[in-house]
Amino acid sequence: MLFFIGFEIPQVPVCQIQLGMQNGELQDDALSASSQYNAYAGPQNARLHFCAESGRYGAWIAQRQDHRQYYQVDFETETLVTRIETQGRQDSLQYVKEYTLRYSIDGSFFKHYQPSGYTKVRCFLKFNDRQHICFWYFSGKWVPLFLLDTLVPPF
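Using my numbering, you'd call the opening residue of the sequence shown number 1219 and step up by one each time.
The hints are simulated quantities; they were obtained by calculation from the structure and are not laboratory data.
Among the hints, erroneous ones may be present.
[Stated by the list, open to error] With a straight-line cut-off of 16 Å between C-alpha atoms, the simulated EDC-like cross-links for lysine to aspartate or glutamate are:
1) Lys1315 - Glu1303
2) Lys1329 - Glu1303
3) Lys1315 - Asp1284
4) Lys1329 - Asp1284
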């Protein structure tokens, strides 16, 4: 334990440790999607604060705008998830307004996350823009191996 002038240096609570989407600890091959608009809009672009770069758009972009589009994360082990953060496309005015969550232990059979009936996550952004992050906290403990976000039009 480290001390600085008589005070303990605060540690990040377990429930706030990044799971790897923003900092890159989750590798690109752990990210998949139902479709992508083209080769420049793949699921590896769906990281917070990702900026467009040579040959890549500033977000994952689904090929179609319908309820069958999803984004999937494979954590490889059962992982405690306490919060999801979403953000719009960095280089265009596109962002998801709501989605549903499903989870799986085996990657084949997915259950809806629904603490109070069928739950849509709504991103109520104060500024309706692409820079602000939409936070959503889970009630209780939730430990999926696979996480599947199903987008709800309009995007």
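Hint by hint, here is what the structure shows:
Between Lys1315 and Glu1303 the CA atoms are separated by roughly 12 Å; this keeps the pair inside 16 Å, and the hint holds. For the hint pairing Lys1329 with Glu1303, the CA-to-CA distance comes to about 20 Å; that exceeds 16 Å, so the pair is violated. Distance restraint check for Lys1315 and Asp1284: the Cα-Cα separation of roughly 13 Å lies within the 16 Å cut-off, and the hinted pair is therefore satisfied. About 20 Å separates the Cα atoms of Lys1329 and Asp1284, which puts this hinted pair outside 16 Å; it is violated.
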